[in-house]
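*Asks:* Spelled out, the chains give:
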Amino acid sequence: MATVTPESPDTAHAPDEHAHPSNWLYVKVAIALALLTAFEVFTYFETVHGWGDTAIIIMLVLMMLVKFFLVVAFFMHLKFDAPIFWRLFVFGLILAMAVYMVMLTAFRFW
Amino acid sequence: MADEATTHAEEHHTSTGISNEKLAMWVFLGSECLLFGGLISTYMFNKGRIGPNDIGPDDVFDIPFTSVSSFVLLMSSLTMVFAVSAIARGDLRGNRIWLATTAALGATFVAGQVYEFTAFYSEGLGFTTNLFGSAFYALTGFHGAHVTIGIIMLMSLYVMSMRGNLGPERAETVEIIGLYWHFVDIVWIVIFTIVYLFPQ
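Taken in order, these protein sequences are the chains called A and B.
Counting in our numbering, the final residue of the first sequence is number 110, and the numbers go up one at a time with none missing.
Counting in our numbering, the final residue of the second sequence is number 200, and the numbers go up one at a time with none missing.
In isolation and in its complexed conformation, chain A is listed as follows (with noise of 0.2 Å):
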């Protein structure tokens, strides 16, 4: 395969030019997704089924969007890595989203 120089402004940070992240700082993304998972498990108990199920969703849906990040962003290197990957990455998310919220508005689920 022939060596072409990268132009292309998805791979700006081409070759591939990224940052490993220090093991402490892994740590500390784990302990942050520990203590969110203990605060979603918290929320499933009846006391807090007093704030009413949409707030308790919206709640989880949060939590669950930071804890999706932090993995994407530091155990995968996406925010340390090409651009293109998360431009790849978040294309299937968004076109899965969209489909299947057409989906569910087709069948009725809302």
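Possibly wrong hints are sitting among the right ones.
As the list claims (entries may be wrong) - According to the in silico footprint, chain B covers these stretches of chain A (three or more CB under 8 Å from chain B): (1) 23-33; (2) 58-70; (3) 84-91; (4) 97-108.
To be verified - Chain A is nowhere near these chain B residues, computed Cβ spacing over 10 Å in every case: (5) G37; (6) I55; (7) I189.
Derived by calculation from the structure, the hints in this document are not laboratory data.
Beta carbons are placed, not taken as given, at the ideal position from N, Cα and C, and that holds for glycine.
Given the structure of chain A, go ahead and fit chain B onto it with the hints provided.
*Replies:* Frame of chain A; chain B shown alone:
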């Protein structure tokens, strides 16, 4: 954050300047979002479509048990990044230890899922009992199959390392398997919240 990270550059002689293998894994993971999106939305649509006397989520879910399983899988992502860090530093023994630990944590999660399925079945929830059962087993079963494939890949890396075929020059191979492993973790983050914790 910058003081906690060290930057280095890797040459990839490809038309994009980035690793083709890593690009392929990210495209694959993007397509996997569609697979699990379909399974999750199918579950959401069908979980409430059960009769008044049918067995449902509230009758079978054991949240404390599943919370521990979720914690185990989350921590396996931490040990996976330690494995990637170790091989990038040239620490082959450390890499093997963390690969084996990750595989063991993954196996613990799968064992928990097998126990959970067995318990649910004994309580009367089979795959064809009702729409909730079908959607639940399809979603969590597909995820469990992905974890099992991940464990096989991790053990393959371990064997390669033991045979001397996995040196620092192949650190990217470990990183790519790590991407897959983290993906099954984030899928579980979504499943745990939507399937187990959302008010029924």
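*Asks:* Confirm or reject each hint.
*Replies:* Taking the hints in turn, this is what the structure says about them:
1. Counting residues of the region 23-33 of chain A whose CB lies closer than 8 Å to any CB of chain B gives 8, which reaches the minimum of 3, so the coverage claim holds.
2. With 6 residues having a beta carbon nearer than 8 Å to a beta carbon of chain B, the region 58-70 of chain A meets the requirement of three or more and the stated coverage holds.
3. A count of 5 residues in the region 84-91 of chain A with a Cβ less than 8 Å from any Cβ of chain B is obtained; the coverage claim is therefore met, three being the minimum.
4. With a cut-off of 8 Å between beta carbons, the region 97-108 of chain A has 6 residues touching chain B; three or more are needed, and the interface restraint holds.
5. At the 10 Å boundary, the C-beta of B:G37 falls inside the reach of chain A, the nearest C-beta of that chain being 3 Å off.
6. Every beta carbon of chain A lies more than 10 Å from that of B:I55, the smallest distance being close to 20 Å; the non-interface claim holds.
7. Listed as outside the interface, B:I189 is inconsistent with that label: its C-beta sits roughly 5 Å from the nearest C-beta of chain A, within the 10 Å cut-off.
In the structure shown, a violation is registered for the earlier hints numbered 5, 7, in ascending order.
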